[in-house]
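A.B. asks: Sequence:
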Amino acid sequence: MIHSIRGLRGMAAAPHALASQSALAVLREGGNAIEAMVAAAATIAVVYPHMNSIGGDAFWLISVPGQPVRGLDACGASARAATRDWYRERGIAQAIPFRGAVAANTVAGTVSGWNAALGLSRELGGRMPLERLLADAIFHARDGAPVTQSQRANTLAKSAELHGLPGFAQVFLPGGRVPEVGARFLQPALATTLQRLAHAGLDDFYRGDLARSFATELQAAGSPLALEDLQSHRALWREPLSLRHSSGALYNMPPPTQGVVSLMILGILDRLEIEGMDPNGADFVHAAVEATKQAFRIRDRHVTDPARMKVDPASFLRAETLDELRAGIDPSKAAPWGAGRGPADTIWMGVVDGEGRAVSFIQSVYHEFGSGVVLGSSGVAWQNRGCSFSLDPAALNSLEPGRKPFHTLNPALAVLDDGRTMVYGNMGGDGQPQSQSAVFSRTVTFGMEPQAAVTAPRWLLGRTWGRPSDTLKLESRFAPEVVDELRRRGHEVELMQPFDEAMGHAQAIVRHRDGMLEGGADPRSDGVVAAW
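Numbering (my numbering), first residue to last: 1 to 532.
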């Protein structure tokens, strides 16, 4: 599909069609964008279980006409017991493993974000009951959801390393086999958990019977997380980072996310006079890749838990800083490049309602299936975000109790000078800010429809989920002369599939000044745009 879906009264975009439909149903029943997003977030945690879970983290950007843009940090901190000595006592001295209970060392924050966002929704007049918002997710967990090709492929790729972990095989390998595409995938324990949240309230996840169950099972599996870690967790309202762009005001989340990277890339591109470039040409790809290198170098030196940042991240968005970074780019030669951050499994979703309230949302368990630990009584798969901590006390993101991990997650939102509002984002580790730069620039700078901007061939510098190499990865739909020219400029190019899932799942929604909505969903995913 190359043409955008359009509507007037509400729109949702997600990498799974059932999540988009959950959001649209809430909008049609009178719910607002925040309520619709909670419904979508619950549904996608069930129907795209390899990508995200209620045992993961989330970040929100929320725009309400006439009010400042709000950011919501629903990221959990490391356990109080998660010290370097704790790992050393277990024979782990070099690096935290990616899998198992020792990787399940941070609180899962996403449900706290749903709760905080619904508090704002009520202030805005939202009245949809929680039971209704979770109804679709409960149905799909209890009665089944069709297995996608993405779920099957990821289960095939990861089951050998995960099948022996607590709870994994019982949930993700029913009958001892990887389920076929289209099979009915059941999660009865998760259905019961969601029903419990619907009736007892979302806070039960942290301070009720569910919290006590989580803590008991996590510790039995060998995690350092304890009940007091869950009880002390709260989602935090944060002032978003903002960039003054020639097209308007661009927003993203502050640390511990890499939101500043996404804004820096767009700020540098704004200074490189890309308007006359071909959006699928070598000049534009080279400019975006070189801007990415400049931004990643700053990220890797500075971005960490905001409580431990030594510089103000907003300082990297000042005009003089971006001018200096732009000056460091050679339009004809690739700069040297080192190693990236690594993989991430995530979903991004957007909702805009008929009143113009807009939500950009991202939810994740980090690697495919997170830690691989699934809590038996609740069916909750727990994230492994904390494996990104370093056991080196001198490292920027060194492990300490109660510390927030570095997050590749970053939802994006723009309020443009021409009256448009845009929400956009994608999954994919280091690829997130890169795909954001492609989708935003193609939509706003080059004037493409959102669907065409999302569908167009993409690139990715460095590592992403399923791809450990640090090459410049190009989808094979780029013209051969573009590939040749990028190699001539010094890029180490690796060709990928025409529509490669390693590029991430991107979506975008634009609301025009007159209220018209148009959106695009990624053909690399199982998603759609749903509108009315």
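Any given hint might turn out to be false.
[To be verified] Restraint ranges, calculated between C-beta atoms of paired labels, are given here:
#1 Asp312 - His199: 19 to 25 Å
#2 His163 - Gly515: 47 to 53 Å
#3 Asp85 - His3: 42 to 48 Å
#4 Asp209 - Val311: 41 to 47 Å
#5 Asp418 - Gln149: 34 to 40 Å
#6 Ser469 - Glu123: 44 to 50 Å
#7 Gln231 - Glu485: 25 to 31 Å
#8 Ala200 - Gly281: 51 to 57 Å
#9 Glu492 - Gln149: 25 to 31 Å
#10 Glu485 - Gln149: 32 to 38 Å
#11 Pro129 - Gly91: 36 to 42 Å
#12 Gln67 - His199: 39 to 45 Å
#13 Gly144 - Glu400: 40 to 46 Å
Hints in this document: simulated from the structure, not taken from any laboratory. Using N, Cα and C, we set each Cβ at its ideal position, and we do this for glycine too.
A.B. asks: Which hints from the list above does the structure break, by number from lowest to highest?
C.D. replies: 1, 3, 7, 11 and 12
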